Structure formats: C-alpha cells, structure tokens
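Protein chains: 2
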Amino acid sequence: MKCKKCGSKAVINMRQHKLGLCCDHFLQWFTNQTQRFIKKYKMFEFQDRILLAVSGGKDSLALWDVIHRLGYKADGLYINLGINHDTSYSQRSMEKVKNFAHDQDLKLIIADIEEMEGASIPEAARFTLRGKDKPCSTCGITKRHVMNHIARQGEYDVLATGHNLDDEVAVLFGNTINWQMGYLLRQHPVLESSPKGFIRKVKPFFRFYERETAAYAFLRGIDYIHDECPFAVGAKTIYYKEMLNQMESKRPGLKLNFYLSFLRAKEEGYFAELRAMHAEDFNLCETCGQPTSAPKQCAYCRTWERTRIAKSAIK
Amino acid sequence: MKCKKCGSKAVINMRQHKLGLCCDHFLQWFTNQTQRFIKKYKMFEFQDRILLAVSGGKDSLALWDVIHRLGYKADGLYINLGINHDTSYSQRSMEKVKNFAHDQDLKLIIADIEEMEGASIPEAARFTLRGKDKPCSTCGITKRHVMNHIARQGEYDVLATGHNLDDEVAVLFGNTINWQMGYLLRQHPVLESSPKGFIRKVKPFFRFYERETAAYAFLRGIDYIHDECPFAVGAKTIYYKEMLNQMESKRPGLKLNFYLSFLRAKEEGYFAELRAMHAEDFNLCETCGQPTSAPKQCAYCRTWERTRIAKSAIK
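Protein sequence lines correspond, in order, to chains A and B. Using our numbering, read the first sequence as starting at 1 and increasing by one per residue. Using our numbering, read the second sequence as starting at 1 and increasing by one per residue.
Hints are computed from structural coordinates only; laboratory data are not their basis. Mixed in with the good hints, there may be bad ones.
To be verified - Using 27 Å as the maximum straight-line C-alpha spacing, the simulated BS3-like pairs for lysine-lysine come out as follows: (1) Lys236(A) x Lys134(B); (2) Lys250(A) x Lys266(B); (3) Lys266(A) x Lys134(B); (4) Lys236(B) x Lys236(A); (5) Lys236(B) x Lys241(A).
Stated by the list, open to error - Quick partial rundown of chain B residues pointing at chain A, CB under 10 Å, derived from the structure: (6) Leu184; (7) Arg186; (8) Tyr270; (9) Ala272.
Please read all numbers here as calculations on a predicted model, not as lab measurements. We treat Cβ as the ideally placed atom computed from N, Cα and C, and that holds for glycine.
Sequences and hints are given; from them, build the entire structure.
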C-alpha cells in the first residue's frame with residue numbers, strides 16, 4: 001500500500017475513504033480534516049475560549065494537540081474521579097494529562113471529586129446504590145455536572161470533548177436498538193447552549209474512526225493511557241462497538257454512513273421534536289443552581305448529598 | 001425445562017418470553033397469539049375475504065394453517081416465478097403448496113409468470129440487467145405487482161403474508177443502518193389500502209420469531225420446502241439476521257423490543273411524514289392501470305416489456 005499523496009510507504013489505510021497515507025501526509029490530512037469539521041459544523045472560532053475535557057486517553061490528548069497546533073485557545077479540564085483500586089487508573093491518567101500540559105505549556109484545570117464532594121466515584125456508587133455494582137451512571141452524572149459547572153464558572157464559550165466516530169456510533173446504535181427517541185433527538189456533534197445554563201458542547205473528532213485518532217496520537221508520540229476505565233469491562237457500548245466493527249469489516253464505511261445518514265435525516269426534518277426538552281422544561285437546582293429536569297435538586301447534588309450522609313454514618 | 005402450563009417436558013423455550021411449553025400447549029399458545037395479533041392490530045375480521053401469499057415455506061403454510069383453524073376465510077396465491085435452474089426450487093415449492101391446499105381442501109390460485117409474461121424471473125433479470133447477477137429486485141417488483149393485481153381482480157379485502165419477526169427486523173435493521181426514512185415511514189405490519197388501488201396488506205406473524213413459526217410447522221406436521229431461494233445466498237437481509245441473532249443470544253428479547261419500540265415511536269408521532277407518499281403522488285400505469293410512482297409505465301410493465309423485446313431479439 002502506497003501513500004496516495006507521495007507514493008512512499010503508507011502507514012495507514014482508511015478503507016472507508018479508500019485512502020492510504022504515509023506518516024507525514026496522514027498527520028497533515030488528520031489536522032486539515034479536524035479544521036474542516038470545526039468549520040463545517042460551526043464548532044468554534046479562533047477568538048473563542050474553549051474548555052477541553054481531557055481524560056488522559058488518546059482521543060482527548062490528540063484533540064488538545066491538534067486544536068493547539070491549529071491555533072485555537074483551549075484550556076484542559078481533568079476530572080479526578082478517584083478510580084484507583086487495583087490499577088491506579090485515575091492516578092496514572094492524571095499524570096499523563098499533567099505531563100502533556102506541562103510539555104506543551106498549556107493551561108490545565110484539575111477538578112478533584114474527593115476534594116469537592118468528600119468521596120470518590122466508586123464510593124458514591126456504593127453508598128447510593130446508583131448503578132449497583134457499576135459506578136458508570138454516577139460517573140456520567142458527575143462528569144457532565146462538573147464540566148458544565150467549570151465551563152460556566154470560567155466563562156468559556158464552548159466545551160469540547162474527544163469523542164470519536166466509534167463512540168458516537170455505539171451510542172447511536174444503543175439508542176436505535178431501543179428507539180429511545182428522546183436520546184436520538186438530542187444526539188448531535190454540536191449541542192447549542194441553553195438559556196437555563198447548559199454550556200455549548202462540541203465533538204470535533206466525531207467523524208474520525210477510533211483507529212485514526214489512535215494513529216494520530218501514536219505517530220505524534222503522545223504519551224497517553226492505553227487502558228480503558230476498569231469499570232468499562234462488559235459495558236454495552238463496548239459490545240456495540242464490536243458488532244459495528246464486525247459489520248464495518250464486511251462493508252467499509254458502514255459506521256460513517258450510519259452516523260452521517262442519521263444526521264442528514266434529522267436535518268431534513270424527519271424526526272418530530274415532540275418530547276425534546278425545551279428551556280421551560282428545566283428547573284434550576286436548589287442546591288447548585290445548575291439546570292436540571294428534576295423538580296428541586298439535580299441528580300448530581302442528590303447523589304453526593306446521599307453519599308456524604310452514608311459515608312459519615314459508617315464512620 | 002418444563003412446560004409452564006402443565007409441567008410435562010417442554011419442546012420449546014422462548015427466552016424472550018421466559019416461556020417453555022410442551023407440544024400441545026405451544027400449538028395452543030401459537031394459535032391464540034395469532035388471534036390476539038389479528039385483533040390487536042385490526043388486521044381482518046371473520047367476514048373478510050383474505051388472499052394469502054403462499055411460497056411453500058414454513059411461514060406462509062403455517063399461517064394458512066392457523067388462520068384456517070381460527071375460522072377465517074383465506075384463499076392461497078402461489079406465484080410461480082420459474083426459478084428452476086439447478087434445484088427446481090419453484091417446481092418443488094409449488095408441489096408443497098398444491099399438496100397442502102389439496103389436503104386441507106383450500107382454494108389455491110396459481111399465477112404463472114412465464115405464462116403471463118412469456119419469461120421466467122431469472123430470464124427477466126438477465127435481459128433487463130436489473131439486479132445484474134441477482135434477480136431479487138425484479139422478483140420483488142413482480143411479486144408485489146402480481147399480488148396486488150390478483151387481490152384486486154378477485155375483490156379480496158386484504159392480502160396477508162407470512163413474514164415473521166426475523167424478516168421484519170432484518171428489513172428494519174437494513175433501513176435503519178442507512179436511515180432510509182422513506183422506507184422507515186412505510187414499514188408497518190398493517191398497510192392500509194390506498195385510494196389509487198393498493199390493496200390492504202397485513203402480516204399476522206410479525207411478532208413471532210422464525211424458530212416459533214418453524215416449530216409450529218414442524219409440530220403440526222406441515223410439509224414445507226426447507227431451502228431458501230437459491231438467489232438468497234449472500235443477501236444482506238440474511239447477514240442482518242445473523243447479526244441480530246448474535247445480539248439476541250446475548251440479550252433475549254432484543255429483536256422483539258427493537259421492532260415494538262420502533263412501532264411505539266411511530267405511534268407516538270416521532271417520525272415526521274415529510275416525504276411519505278400520498279395518494280396524489282401516485283399515477284396509474286398506462287399499461288396495466290395499477291398505481292405507480294413512475295410518471296407513465298410502472299416498473300413491472302417496463303421490466304417485462306423489455307424482457308419480451310430482448311427475448312424475441314435473440315430468437
């Protein structure tokens with residue numbers, strides 16, 4: 001396989017684009033494509049202040065690298081979830097993020113859940129029984145809350161995350177297999193801010209396959225954490241990714257087409273916004289003031305209040 | 001595994017219903033469920049004249065058997081497509097249908113494509129290049145046309161087909177993976193008649209898994225053709241069925257839930273009928289007078305006219 005641009009040996013073959021590229025041309029292509037997606041989907045401008053959620057994995061660090069190179073101003077936000085049993089997962093991923101920020105001279109904000117709320121994610125899950133044996137739902141609630149809170153507090157224009165196409169397609173697949181129309185209506189690479197206080201959210205990598213973001217991180221020599229979160233084992237999205245990869249290998253481009261044709265159907269107005277949440281459907285949480293669909297206290301404040309009560313009771 | 005009703009040895013375990021049944025109770029359950037679906041989805045009444053498309057396979061013969069036992073009046077329609085190279089597929093399946101109708105003393109109409117149009121399905125596909133190496137698209141056009149034509153000519157109230165849940169779910173999956181909204185809008189177990197001349201169409205077995213219709217046919221001793229059409233090898237729907245069965249085995253009920261939640265989303269009005277075809281979008285074919293979305297001649301008449309011209313040219 002030869003590079004389509006220069007004829008030298010290709011390091012990657014992207015079957016869905018029928019495109020093989022050498023190292024240099026792949027890095028160039030990847031960077032240009034990111035810029036193209038940012039513009040095409042009107043994600044942000046050069047003067048915008050971007051908050052980028054970084055986990056220490058390949059996607060978010062690659063995204064930080066690319067948008068920094070493209071000349072955008074993005075500060076990083078690392079949320080220390082305290083997932084440290086067995087593998088020191090949080091500890092090690094935080095190190096990767098810190099090193100990257102330090103080497104590139106980028107501003108990094110660290111939000112430490114244990115410092116903020118007095119307990120770690122696994123503890124909260126255990127004490128509140130939310131998620132039973134898995135803390136994934138507590139973790140999701142917490143990350144969404146903290147990202148929004150810090151983005152607003154820091155007066156950022158937009159919150160960016162490193163989700164790639166495989167992530168997005170797995171979620172889309174899960175929502176479709178159950179026809180969860182509420183979620184389908186809300187799934188989009190650009191979510192506008194809401195008057196009640198949700199920050200604008202964008203996913204500049206949503207059209208890249210996972211292996212492309214991995215290739216970018218690898219070829220740039222970015223030092224990232226390779227393991228998945230230890231709680232992700234057996235997650236439905238991982239299973240859906242396997243199914244989709246199986247289909248992709250039979251029909252290259254299937255994943256991209258699945259997602260893009262979904263966006264097209266939405267743009268063309270085929271989904272009726274019957275139950276989409278509107279600003280007036282949201283309340284402001286009595287405790288933290290962030291928007292919530294709950295009547296009084298948001299899920300985040302409820303979860304962590306219960307955790308603190310339960311934790312102090314067993315002391 | 002024991003029968004849930006009587007405690008004797010179960011012959012089938014339907015994991016999606018957590019229901020194991022012995023032979024007698026399964027046959028009873030299957031028959032009662034069919035009656036329930038017919039009523040719930042308002043498919044037809046006892047006084048209606050039903051035309052049932054029978055292929056000689058397990059589904060359509062099982063359906064004929066069940067609705068006959070339930071006391072409905074259904075005549076059979078067998079379409080002889082002339083697919084006889086190698087395996088005499090059409091010949092053998094027609095024999096099964098004829099024997100069944102004879103044994104049960106049921107009225108059978110046979111439509112012979114070669115007699116009607118002067119060529120077989122494989123010839124038409126070859127001469128018109130529609131479908132290139134596969135005649136499936138020609139076959140689909142032809143069957144739909146002939147079923148509608150004969151149902152109207154015979155003044156039937158409704159056309160029934162033996163499609164089971166696996167069939168429906170595979171089509172739904174294929175339409176969803178490409179977000180073909182036009183097809184998604186039209187997919188339903190009951191399609192009302194249209195003023196321009198489409199007969200009402202129903203699928204009473206749409207909630208049964210394929211293995212259930214097979215079990216019914218087997219346990220009733222129905223003699224049906226076991227092979228798939230020789231042209232079906234490698235068809236996308238067969239591949240989708242495999243994928244869905246893989247997921248079903250991990251999560252029993254996934255297939256049923258996928259289809260029922262889709263119907264629910266439609267009923268709740270989540271799909272905007274932007275491009276659904278309305279009566280005024282249809283013309284009447286200049287040649288046969290049946291409704292068509294084409295401006296002058298319908299796809300059926302075009303295909304078979306071309307076939308006759310091509311066939312006579314090489315004689």
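Against the structure, the hints:
1. Annotation: proposed proximity of lysine 236(A) to lysine 134(B) is violated, straight-line Cα distance about 37 Å (limit 27 Å).
2. Annotation: proposed proximity of lysine 250(A) to lysine 266(B) is violated, straight-line Cα distance about 31 Å (limit 27 Å).
3. The suggested pairing of lysine 266(A) with lysine 134(B) is violated, with an alpha-carbon distance near 33 Å, which exceeds 27 Å.
4. Under the criterion of a C-alpha separation no larger than 27 Å, the hint pairing lysine 236(B) with lysine 236(A) is consistent with the structure, at around 25 Å.
5. This hinted pair checks out: lysine 236(B) and lysine 241(A) have alpha carbons roughly 20 Å apart, not beyond 27 Å.
6. Because the closest C-beta pair between leucine 184(B) and chain A is about 8 Å apart, less than 10 Å, the hint holds.
7. Given the 10 Å rule on beta carbons, the hint for arginine 186(B) is violated: about 13 Å separates it from the nearest Cβ of chain A.
8. Proximity of tyrosine 270(B) to chain A holds as hinted, the smallest CB-CB distance being about 4 Å (cut-off 10 Å).
9. For alanine 272(B), the suggested interface contact is upheld, since its CB lies about 5 Å from the closest CB of chain A, less than 10 Å.
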